[in-house]
Amino acid sequence: RVIIHIDIDCFYAQVETILNPSLCGKPLGIKQKNIVVTCNYEARALGVEKLMSIKTALEKCPSLVLANGEDLKKYRDMSEKIYQILQSFSPFVEKLGLDENFIDISHKINKSPEIKPEVSGHIFEEKNSDETCACGCTDRLKEGSIIAQEMRNQLKSELGITSCAGIACNKLLAKLVGATHKPNQQTTLFSASSLNLMKSLKHPRNIPGIGSAMNRKLEVLGIDTIEKLQATDLFKLIEALGVKTANQIQQLSFGIDDSHVKITDRPKSIGAEDGFPTIKSETEVRKKLKCLLDRVWELVEKDGRRPSQVKLTVRKLHATNHSVRETRQTAIDLTTGVPSNAPLGPLSENQEKKVITTLMNLFEKVVNCDESWQVTLLGISF
DNA sequence: TGGGGTCCT
DNA sequence: AGGACCC
1 RVIIHIDIDC
11 FYAQVETILN
21 PSLCGKPLGI
31 KQKNIVVTCN
41 YEARALGVEK
51 LMSIKTALEK
61 CPSLVLANGE
71 DLKKYRDMSE
81 KIYQILQSFS
91 PFVEKLGLDE
101 NFIDISHKIN
111 KSPEIKPEVS
121 GHIFEEKNSD
131 ETCACGCTDR
141 LKEGSIIAQE
151 MRNQLKSELG
161 ITSCAGIACN
171 KLLAKLVGAT
181 HKPNQQTTLF
191 SASSLNLMKS
201 LKHPRNIPGI
211 GSAMNRKLEV
221 LGIDTIEKLQ
231 ATDLFKLIEA
241 LGVKTANQIQ
251 QLSFGIDDSH
261 VKITDRPKSI
271 GAEDGFPTIK
281 SETEVRKKLK
291 CLLDRVWELV
301 EKDGRRPSQV
311 KLTVRKLHAT
321 NHSVRETRQT
331 AIDLTTGVPS
341 NAPLGPLSEN
351 QEKKVITTLM
361 NLFEKVVNCD
371 ESWQVTLLGI
381 SF
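Numbering (the UniProt record's numbering), first residue to last: 1 to 382.
Please keep in mind that the hints were generated in silico from the structure rather than gathered at the bench.
A quick note: this is a predicted structure, and the numbers were derived from the prediction, not measured.
Here a beta-carbon is modelled for each residue, glycine too, at the ideal position from N, C-alpha and C.
The reader is advised that the hints may include incorrect statements.
The calculated label-pair distances, taken between Cβ atoms and stated as ranges, are [unchecked claim]:
(1) PHE276 with LYS73: 42 to 52 Å
(2) SER22 with ASP274: 23 to 33 Å
(3) CYS133 with LYS156: 30 to 40 Å
(4) SER372 with PRO62: 35 to 45 Å
(5) GLU114 with ALA213: 50 to 60 Å
(6) ARG328 with ALA134: 56 to 66 Å
(7) ILE256 with GLU150: 25 to 35 Å
(8) THR56 with GLU326: 23 to 33 Å
(9) GLU70 with GLU114: 17 to 27 Å
(10) ASN20 with GLU150: 28 to 38 Å
Could you build all of it, start to finish, from the sequences and the hints given here?
Pasting the structure below:
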């Protein structure tokens, strides 16, 4: 296969700069509540990092300009335009978050090209990559790099967006190799260098698919390098992680990933949440929920499908000083009064009343109304 | 630490 | 319903 991974450079910061060109060239951070969730390269040069607290960021970089990124609408809109452009190259596009996409272009690769393609962009380990694989994949990947370049050129010319691309024979390697030259560059991995790319990650935690929980289990086993993960006896790994996960992550450690690019279709859930210092009364909760419902209903209406379930998310300030999230879900019937096949419109008063009542009932299952409670986040999801 | 999502158990 | 993972 030939898989391309496209990753937009500091996505939120680019969108803000396109919407407000006067930000261009200035150190820019995108803030959500107390956190700089991402920032542009000017800010990074001055010491700002992703997920840093606003306080620390301003200490490091007093000239930092901040844009509020709590409402994701602008980013969703740009993400959709990016997706549409990539889809014009291949129907096999999978979104990961708002700013990353995998594209399978295997079917677009010329079986017998008249002229041998040259690579566009970087090659991973250029020096020792002069061998051409007997199966023909080297030329196929080179052709992939040309297509990736065309995709990135089009994102730049039509949207003004710069991006990175990785080109490889599977999703794992495409994503990893694309990150080796940033920003606004692309890198191709020929399969002979796969093991070297994996080893260059150093720590197993750097493999996508190995998160903090699995990493902790691996460290208990003394596995703290990719090579140790490769060399670990599979039965030992199965004992700790279960057969499926054990097999999967040991394969990943060798750069093997058979997972397919899964076409991103309509979302399985649509939600909105909001965090805040603290809420202590049910009237405040009701008000917050109404506000969230208006926000989420915009998205639901655009989607067009009639929700059949609602989920409430509540984050409580626990006595032990750290917070806990709980969810409650129930069926909901929003068809009463209208033909059940009628298009979804703006939220009627009846529907709003029904949803809010349902949500308040769910809320009472989460908080014990006799005792005092503090809520620091509410979320609605359909 | 934020405001989203997916899939598996 | 929660927990793991991703951004």
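May I ask which of the numbered hints given earlier this structure violates, with the numbers listed in increasing order?
Violated: hints 1 and 9.
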